[in-house]
Amino acid sequence: MAVGLGTDEGGVDIDRVEVNGVEADSEDLKVLARANYSHFSSLQVRGRAVRGLDLHLKRLDDSTRELFGTGLDDDRVRSCVRHALLASPDAVTVRVTVFSRHQAAVLSGEVVEPDVAVTTSAPLASRTSPVRLRTVEYERDLPHVKHAGTFGLSLRRRQAVLAGYDDVLFTDRDSRISEASISNIGFFDGERVIWPQAAVLPGIMMQLLQRGLAAKGIPFERREIHLRDLGAWASGSPTLAAFLSNSISPAVPVASIDEAVLTVDPDVTDLLVDCYETNPWQTV
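Be aware that the sequence shown starts at 1, since it is given in the UniProt record's numbering, and climbs by one per residue.
Derived by calculation from the structure, the hints in this document are not laboratory data.
Among the hints, a few may not be true.
What the hints assert, rightly or not - Cβ-Cβ distance ranges computed for the label pairs, FRET-style:
1) LEU142 - VAL261: 32 to 40 Å
2) GLU224 - GLU23: 41 to 49 Å
3) HIS226 - LEU86: 46 to 54 Å
4) GLU259 - ALA199: 23 to 31 Å
Glycine included, every Cβ here is placed at the ideal spot set by N, Cα and C.
Build out the structure end to end from the sequences listed, making use of the hints.
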């Protein structure tokens, strides 16, 4: 079943949709199309294995507890994913969405067992070309949850692209840099990686990079980064580099943020990719 649906990465052709381990029928697809009270995680699967599977499972359980008032068993998720992979090639993109067919009951405060949808689509390759970012003040609802409420960020991303940029970079009400539309942003000053101290989604790729940085003995920290200070920081640190990380790409170089030009150093990108690749593949 090929279905055209939107994702956090944009529009994709979905090869298969299963709900609770059974191929979705038309009624399931209707419910999913309206399931705006839901959360998800996107996985790049290779040979029935995923880097950071434990982190994806924890994210799904934590978010289910917060949104639905009950946990989500790891074995249930793995079983649903394994079943969907039976009809898939070795390399595939998987999205696990947690929702409820009984949304009215959920919104009235009842605790119900949520449904698990698994979609499969073609694998996605990492982006390597540098990007130019446009800043805009915007704060996502419940930013620590990867939820379905993406209209606001999608609109601002589109506006940035129409203005000639590749993506948007959000700042909060205090002008602190937070995150890009579907990516975390990090900075490398030649010695350490600095992540913005702000309300952001703790991306799985960001967490995998942190594991890899720790394994290689490279320090990292979280620090408030105010937009007004970025130009002086870049001017005072000629080697300052920035990168985006998301479920597809470990380190997309950032060429500029508004008018601030940043260093694009392939060695920094290679270092970050090496950190990511220290993480083992975990079998689903």
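Indices of hints not satisfied (ascending): Per hint list: zero violations.
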